[in-house]
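Residue numbers (the numbering used here), protein chains in the order written: chain A, 2 to 283; chain B, 284 to 604.
Be aware that a few hints might be false.
Said to hold, decoys possible - Mimicking DSS-like on lysine-lysine, the simulated pairs with C-alpha atoms at most 27 angstroms apart in a straight line are:
id	chain 1	residue 1	chain 2	residue 2
1	A	Lys111	A	Lys12
2	A	Lys111	B	Lys343
3	B	Lys451	A	Lys43
4	A	Lys57	B	Lys451
5	A	Lys188	A	Lys110
6	B	Lys409	A	Lys110
7	B	Lys409	A	Lys12
8	A	Lys57	A	Lys43
9	A	Lys270	B	Lys409
To be verified - Chain B is nowhere near these chain A residues, computed Cβ spacing over 10 angstroms in every case:
id	residue
10	Glu49
11	Pro56
12	Glu58
13	Thr60
14	Val61
15	Ser85
16	Asp215
17	Lys229
18	Phe251
Please keep in mind that the hints were generated in silico from the structure rather than gathered at the bench. Ideal placement from N, C-alpha and C gives every residue a C-beta, glycine not left out.
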Amino acid sequence: MMIVANRKYSKVLRASRFTTLCIGSVIMLLPFAYMVSTSFKKHAYLFESPPRFIPKEPTVSNYVQAWTTGNFSRYFFNSLFVTSISTVLTVLFASMAAFAFAKFNFVGKKWLFLMLLTGLVVPGIVLIIPQFIIAAHLHLIDSFGGLILFYVGMNFALNTFLLRGFMEDIPNELDDAMKVDGANSWKRFIGLYIPLSRPALATVSLFSFLASWDEFAWAITIINSEDKRTLPIAIALFHGQHQTSWGLVFAASVIALIPVVIVFLFAQKHFVQGLSLGAVKG
Amino acid sequence: MSEVAERKSGEPSALPSPKPPKRVPIARRRKSMGNRITPYLFLFPGIGVFSLTILFPIVKSLQISFYKWRVLPGIPSPFLGFGNYTRALHDPIFWRALVNSGFYMLVTVPPQIILGLLAAMLLNDKIRGRGLFRILIYLPVITSWVVVTLLFLYLFSGDGGFFNWILKDLHLIHQDVQWFGSRWPAMIAMSALGIWKGIGWSMIIYLAALQTVNPELVEAAAIDGAGAVRRFFAVTIPAVRRTTTFISMMLVIGGFNVFIQVYLMTEGGPLGSTEVLLTYMYRQAFSYLDFGYGSAIAFLLTGIILVLSGVQWRFFRPSEK
Chain A
2 MMIVANRKYS KVLRASRFTT LCIGSVIMLL PFAYMVSTSF KKHAYLFESP
52 PRFIPKEPTV SNYVQAWTTG NFSRYFFNSL FVTSISTVLT VLFASMAAFA
102 FAKFNFVGKK WLFLMLLTGL VVPGIVLIIP QFIIAAHLHL IDSFGGLILF
152 YVGMNFALNT FLLRGFMEDI PNELDDAMKV DGANSWKRFI GLYIPLSRPA
202 LATVSLFSFL ASWDEFAWAI TIINSEDKRT LPIAIALFHG QHQTSWGLVF
252 AASVIALIPV VIVFLFAQKH FVQGLSLGAV KG
Chain B
284 MSEVAERKSG EPSALPSPKP PKRVPIARRR KSMGNRITPY LFLFPGIGVF
334 SLTILFPIVK SLQISFYKWR VLPGIPSPFL GFGNYTRALH DPIFWRALVN
384 SGFYMLVTVP PQIILGLLAA MLLNDKIRGR GLFRILIYLP VITSWVVVTL
434 LFLYLFSGDG GFFNWILKDL HLIHQDVQWF GSRWPAMIAM SALGIWKGIG
484 WSMIIYLAAL QTVNPELVEA AAIDGAGAVR RFFAVTIPAV RRTTTFISMM
534 LVIGGFNVFI QVYLMTEGGP LGSTEVLLTY MYRQAFSYLD FGYGSAIAFL
584 LTGIILVLSG VQWRFFRPSE K
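Build out the structure end to end from the sequences listed, making use of the hints.
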């Protein structure tokens, strides 16, 4: 009797859970659906009442215009260039530092780690004034180098923190075996710790990629030349110039969103696992 | 991937001797201490860039905040002591910006935690479409602030925007609301964006934490007759306590760092009524070139964040043994 009741109960529960999830996902997705549909509308500055999700006469002209005359092909590759280099450097530097923090004892370790944590607590654009002054001193204003250098610095603390947690959990026995075979630290790092940290590396690569690809405040502060714009500032400035051309603005936005979704789909298999084995245990 | 590796590596050492494995780390430590420079070499590139771009700016920022900083080289900057700080404390716009940042933080943090945990609980077990649901809820997180801000600007548009249409359809309002025309409607619209964008983040962190909750504990509670609600409060909530601390600290920091939404949606207007601390700092620095005053505001914000982080740390920590 009780078991039957229980089963019925859990069936109801499962159905209501599924319904809740569907409603929640629709709420999360609705703005995106509206954005995509608007990007295919010809006269998107006209608000329709009631709002229409399927455009009356769908057209790709917004995309064509954004990509060609809007110069978004250029901004796209600017973003791609800056983001790939920043991501590779961040992940490389962070995994090296994480390896040192996780598997070595050295003088000043606690102290250095504390400094790293400071970097986690003071993120965002709080430091943008002195950073601007430093970039000016180094003649990095209005250059991709200025973007890359500071993106690596901004993302370094979080990624090192996550990777350290992960590498600490890698057992020492394998490491010792390689040591007996005479492998030096660099060889063990490349041959053992990097391959074993793959889920965590996927996670931090995703974080670094997103952080650089989506970054706005620093880019709009130091980039002046039109041909050096990255996608986020190009989209914002584009909106500033064409207040009402929502179709164009959203076409450019969709163009910026596509690589993010692709990268996320590739990395998401490792994503939760990478996080759970890293910093945020229980 | 790594689970397999861990198991493999765990087996041989576990088999030969059941002695406590403490001797291995000591040997390892002695060996690695032999090569003292190695860890510094691994740290050098990252810490170098980090020092230049984060640590040095912290110090520099403190220095600037004590001066009437001249942007042009060669002109000496007059020392003001705490002048910029007292100026902020007597500046009504600073206080309004602080209230707005605080409002945004207070309104956005609890829903992100509660809804994030709810989503994680619902998506922790194997159910149909789990991966798809996760991606959909996480999609706003990976989308750039610029894109979602413009998107919400459009949705909240005063004349025939999507939200106005829905609210009218539900008979909650009778006339179009000009969301960005005055202070509180604008703050609400920006907070709605903040919540919507952040739920996925706390969901993912909670999902990661829930993976480490021992399922036997939940089962044992179920056998003891605890209902779903009891199990949730007695087992799950305590088990993710540390994660909740972490999420809450990060979200409070993020809430006070609200910038892009305001910068793009209202530019602090109308008449500075939606100014938040960072837009005000940014305006002082890059519109009025008053780097000293901007830095003082940044430092006051940092102080607030540090105090709040410390309070949360204390509040959540002590009961742990």
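Checked hints:
no., hint, verdict
1, Lys111(A) <-> Lys12(A), "violated (52 angstroms)"
2, Lys111(A) <-> Lys343(B), "holds (23 angstroms)"
3, Lys451(B) <-> Lys43(A), "holds (26 angstroms)"
4, Lys57(A) <-> Lys451(B), "holds (23 angstroms)"
5, Lys188(A) <-> Lys110(A), "holds (22 angstroms)"
6, Lys409(B) <-> Lys110(A), "violated (42 angstroms)"
7, Lys409(B) <-> Lys12(A), "holds (14 angstroms)"
8, Lys57(A) <-> Lys43(A), "holds (9 angstroms)"
9, Lys270(A) <-> Lys409(B), "holds (15 angstroms)"
10, Glu49, "violated (8 angstroms)"
11, Pro56, "holds (15 angstroms)"
12, Glu58, "holds (20 angstroms)"
13, Thr60, "holds (18 angstroms)"
14, Val61, "holds (19 angstroms)"
15, Ser85, "holds (17 angstroms)"
16, Asp215, "violated (3 angstroms)"
17, Lys229, "holds (17 angstroms)"
18, Phe251, "violated (7 angstroms)"
Of the numbered hints given earlier, the model fails hints 1, 6, 10, 16, 18; all others are met.
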